[in-house]
Amino acid sequence: MKQYDLTAFEKGLRDLNITLTDGQKEQFLQYYELLTEWNSFMNLTAITEFQEVVVKHFLDSLSLIKAEVFTGRGTLIDVGTGAGFPGIPLKIAFPELEVTLLDSLNKRVKFLNEVTGALGLQKITALHGRAEDFGKKKEYREAYDFCVSRAVANLSSLSEYCLPFVKVGGCFISYKSGKIEEEKKQAEKAVSLLGGAFRETVCFHLADTDMERALCMIEKKRPTPGKYPRKAGTPVKEPL
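Numbering (the working numbering), first residue to last: 705 to 944.
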């Protein structure tokens, strides 16, 4: 494996109060190398330069620790995980976390399985399918302490995809860019219908950049009514 400058990564970890072993840092480097290798023949990410991946993918994923509800333990599902963000960085940093990665593209799921196998990660599963379908399945519905998503969609649609997975008392945490007060306002009805309630939103700048980030926390207060999520495609076309 080639040599990498980990200065920015280690500073970002210190700022998040996350301590990694040398073995865990090695896993992040392996992940990066697999990401760039597979990205050469399939579209996983537009960000491939090492320092950019460190900040915009690894540290951004790990910023979940800023959400006070997240303890680094329990069960977590990452909806629309893509190349494995934030689920795989969270699994590397918090080995006790049980992680499910859900993505609708089978090629990406093959990549995720390659990564988890190569890194020797345990208690992590990659699933091929849509949130609208898996959210209806008994073994996944209301089965998780946390649901997270960095997917780009409005909060109303994301809540319909994600809240059905969350146990009552658990939390859906959406990674967002910039100011989100207006988006939250527009999603209030959907969140309430789905059994959720907004907690405070954590706003911050991404590791030594001027990029605004927000972790929008939605607590699951009541079971989600059985008719949600609606059939594939509807949550985006007709937000609640």
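By construction, these hints were calculated from the structure, which means they are not laboratory data.
We treat Cβ as the ideally placed atom computed from N, Cα and C, and that holds for glycine.
Errors might be hidden in some of the hints.
What the hints assert, rightly or not - Label pairs and their calculated CB-CB ranges:
# : residue 1 : residue 2 : range
1 : A901      : K935      : 24 to 30 Å
2 : N747      : D837      : 22 to 28 Å
3 : S896      : S744      : 25 to 31 Å
4 : T725      : I751      : 39 to 45 Å
5 : R903      : E818      : 31 to 37 Å
6 : T913      : V872      : 32 to 38 Å
7 : A822      : K941      : 34 to 40 Å
8 : E885      : N747      : 28 to 34 Å
As the list claims (entries may be wrong) - As a list, the in silico DSS-like pairs of lysine-lysine whose alpha-carbon atoms are at most 25 Å apart:
#  : residue 1 : residue 2
9  : K925      : K842
10 : K871      : K827
11 : K729      : K842
12 : K729      : K706
13 : K729      : K715
14 : K871      : K840
15 : K840      : K760
16 : K770      : K715
17 : K760      : K770
18 : K931      : K841
19 : K871      : K888
20 : K841      : K889
21 : K842      : K931
22 : K760      : K888
23 : K814      : K827
24 : K770      : K729
25 : K706      : K842
26 : K893      : K840
27 : K925      : K871
28 : K841      : K883
29 : K827      : K893
30 : K935      : K811
31 : K827      : K888
32 : K760      : K842
33 : K729      : K827
34 : K827      : K811
35 : K840      : K935
36 : K842      : K871
37 : K770      : K935
38 : K841      : K827
39 : K770      : K883
40 : K840      : K883
Each hint tested on the structure:
1. The hinted window of 24 to 30 Å between A901 and K935 holds, with their beta carbons roughly 26 Å apart.
2. For the pair N747 and D837, the supplied restraint of 22 to 28 Å holds, since their beta-carbon distance comes to about 23 Å.
3. A C-beta distance of roughly 45 Å is found between S896 and S744, which places it outside the suggested range of 25 to 31 Å.
4. In this structure the hint that T725 and I751 lie 39 to 45 Å apart at CB is violated, the actual value being about 26 Å.
5. A beta carbon spacing of about 36 Å between R903 and E818 agrees with the range 31 to 37 Å that was offered as a hint.
6. Remark: the range hint 32 to 38 Å for T913 to V872 is upheld by a beta-carbon distance near 37 Å.
7. In this structure the hint that A822 and K941 lie 34 to 40 Å apart at CB holds, the actual value being about 38 Å.
8. Look at E885 against N747: about 33 Å separates their beta carbons, and that is inside 28 to 34 Å.
9. At most 25 Å may separate the alpha-carbon atoms for a hinted pair to count; K925 and K842 meet this at roughly 19 Å.
10. For the hint linking K871 to K827, the alpha-carbon distance of about 19 Å falls within 25 Å, and the restraint holds.
11. Between the alpha carbons of K729 and K842 the distance comes to roughly 36 Å, so the proposed pair goes past 25 Å and is violated.
12. Pair hint K729 plus K706 holds up; C-alpha atoms about 14 Å apart against a cutoff of 25 Å.
13. Distance restraint check for K729 and K715: the Cα-Cα separation of roughly 13 Å lies within the 25 Å cut-off, and the hinted pair is therefore satisfied.
14. Restraint check for K871 and K840: the C-alpha separation of about 14 Å stays at or below 25 Å, so the hint holds.
15. Restraint check for K840 and K760: the C-alpha separation of about 32 Å exceeds 25 Å, so the hint is violated.
16. Under the criterion of a C-alpha separation no larger than 25 Å, the hint pairing K770 with K715 is consistent with the structure, at around 16 Å.
17. Taking the CA atoms of K760 and K770, the gap is near 16 Å; set against the 25 Å cutoff, the hint holds.
18. Only pairs whose Cα atoms come within 25 Å are accepted, and K931 paired with K841 is accepted, the gap being roughly 12 Å.
19. For the proposed pair K871 and K888, the alpha carbon gap of about 21 Å is at most 25 Å, so the pair holds.
20. For the hint pairing K841 with K889, the CA-to-CA distance comes to about 30 Å; that exceeds 25 Å, so the pair is violated.
21. Annotation: proposed proximity of K842 to K931 holds, straight-line Cα distance about 14 Å (limit 25 Å).
22. As the CA atoms of K760 and K888 are separated by approximately 23 Å, the hinted pair is consistent with the 25 Å bound.
23. Between K814 and K827, the direct Cα distance comes to roughly 17 Å. Compliance with the 25 Å bound is thereby established for this hinted pair.
24. At most 25 Å may separate the alpha-carbon atoms for a hinted pair to count; K770 and K729 meet this at roughly 20 Å.
25. For the given pair, K706 sits about 45 Å from K842 by alpha-carbon distance, which is inconsistent with the 25 Å threshold.
26. With a CA separation close to 21 Å, the supplied pair K893 and K840 stays within the 25 Å bound.
27. Of the pairs offered as hints, the one joining K925 and K871 holds, with about 9 Å between alpha carbons and a cut-off of 25 Å not exceeded.
28. Proposed proximity of K841 and K883 is contradicted: the alpha carbons are some 34 Å apart, above 25 Å.
29. Annotation: proposed proximity of K827 to K893 is violated, straight-line Cα distance about 35 Å (limit 25 Å).
30. For the suggested pair K935 and K811, the alpha carbons sit about 23 Å apart, so the restraint of at most 25 Å is met.
31. Restraint check for K827 and K888: the C-alpha separation of about 33 Å exceeds 25 Å, so the hint is violated.
32. Only pairs whose Cα atoms come within 25 Å are accepted, and K760 paired with K842 is rejected, the gap being roughly 35 Å.
33. Distance check on the hinted pair: K729 and K827 sit about 19 Å apart at the alpha-carbon level, within 25 Å; holds.
34. For a cut-off of 25 Å, the pair hint linking K827 to K811 stands: about 21 Å separates their Cα positions.
35. Restraint check for K840 and K935: satisfied, since their Cα atoms lie roughly 10 Å apart, inside the 25 Å limit.
36. Simply put, K842 and K871 have alpha-carbon atoms about 12 Å apart, close enough for the 25 Å limit, and the pair holds.
37. A distance of roughly 33 Å separates the Cα atoms of K770 and K935; the hinted pair therefore is violated under the 25 Å criterion.
38. For the given pair, K841 sits about 20 Å from K827 by alpha-carbon distance, which is consistent with the 25 Å threshold.
39. Pair hint K770 plus K883 holds up; C-alpha atoms about 17 Å apart against a cutoff of 25 Å.
40. Only pairs whose Cα atoms come within 25 Å are accepted, and K840 paired with K883 is rejected, the gap being roughly 32 Å.
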